[in-house]
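Novice: This is what each chain is made of:
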Amino acid sequence: DVKVTQSSRYLVKRTGEKVFLECVQDMDHENMFWYRQDPGLGLRLIYFSYDVKMKEKGDIPEGYSVSREKKERFSLILESASTNQTSMYLCASSSGTSGRSFTDTQYFGPGTRLTVL
Amino acid sequence: GESVGLHLPTLSVQEGDNSIINCAYSNSASDYFIWYKQESGKGPQFIIDIRSNMDKRQGQRVTVLLNKTVKHLSLQIAATQPGDSAVYFCAEPGARNAGNMLTFGGGTRLMVKP
Chain X
1 DVKVTQSSRY
11 LVKRTGEKVF
21 LECVQDMDHE
31 NMFWYRQDPG
41 LGLRLIYFSY
51 DVKMKEKGDI
61 PEGYSVSREK
71 KERFSLILES
81 ASTNQTSMYL
91 CASSSGTSGR
101 SFTDTQYFGP
111 GTRLTVL
Chain Y
1001 GESVGLHLPT
1011 LSVQEGDNSI
1021 INCAYSNSAS
1031 DYFIWYKQES
1041 GKGPQFIIDI
1051 RSNMDKRQGQ
1061 RVTVLLNKTV
1071 KHLSLQIAAT
1081 QPGDSAVYFC
1091 AEPGARNAGN
1101 MLTFGGGTRL
1111 MVKP
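Just so you know, the protein sequences line up as chains X and Y, in that order.
Those letters in the first sequence? Residues 1 to 117, by this note's numbering.
Those letters in the second sequence? Residues 1001 to 1114, by this note's numbering.
Only chain X is shown next, with the shape it has when bound in the complex (with noise of 0.2 Å):
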C-alpha cells in the first residue's frame, strides 16, 4: 500500500514565524504535490514536484516555498507566517514517468492543520 506520511497532524504558529512542513512517501513516486483545503474553497494546488530538485508553481504559490532535495521527501516551506495561511494542508504523490502522464491516482496524507495566531 502506498503510504504517506506527514511530520504533523496539527501545528500552532505565530505571525512571522517561518513554518516547515514535511511530506514523505515511501513507494518511489516521481511526482509530489502540496495542497491547502480551505472550508468552501476545497482543494487548492500549492507547488508541486515531478521529480528530484524540480518544482512548479501550482495555482496560489504565493507566500509558500518548496524543497525537494530527495526523492521520497516534500517540503513545504511558509517563509513568514500568516493568519490567511491557517488551513489544513495535504500532501499527495502520484507514480509517473518525468510527469507527462495524466492518468497517475495522487495518494494523499493525514493531513495537517496549522493555526497561524
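Be aware that a few hints might be false.
[As the list claims (entries may be wrong)] Pairwise CB distance ranges, derived in the manner of DEER restraints: (1) Y:N1067 with X:R14: 48 to 56 Å; (2) X:E17 with Y:S1052: 42 to 50 Å; (3) Y:A1079 with X:N84: 41 to 49 Å; (4) X:N84 with Y:G1016: 38 to 46 Å; (5) X:D38 with Y:Q1045: 18 to 26 Å.
No lab work stands behind these hints: they were computed from the structure.
For glycine and all other residues, C-beta sits at the position ideal for the given N, C-alpha and C.
Dock chain Y against chain X, hints included.
Specialist: Just chain Y now, kept in the frame of chain X:
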C-alpha cells in the same frame, strides 16, 4: 474555464439504502476520472477511477458511471453503512498542460442515518 463540480453539497441517506453522488464536468477532453473519500480530519482516500473509454466500473460496493454525452459522473454506493459517512470528491486531469495535475470538485457530504 474548465471545472469539475457537484450537484448536491449534502446527501443524507438511511443505513442500508443505496447512495448516489453526482458530478458534472466540463472538460470533454478528460480521459480519466477519480473518486476520493475524505473522512473527517483525514486526507482524501482513493476509492475508484474510470477511464473515458468506459461507461461503468465496479469496485467493492461502489460503482462509477460515466456519461460522456452529458458530461456526468456518478458514484453509487450499495448498502450504505455508517462508515461511508464522509465527503466525496470527483477529480479529473487538470486543464493546465502539465502532467499529473488534477482538478477537484468541491465535494459532497454523505451523511448516513442509523
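Novice: Just pull the numbers of the violated hints for me, sorted ascending.
Specialist: Every hint satisfied by this model.
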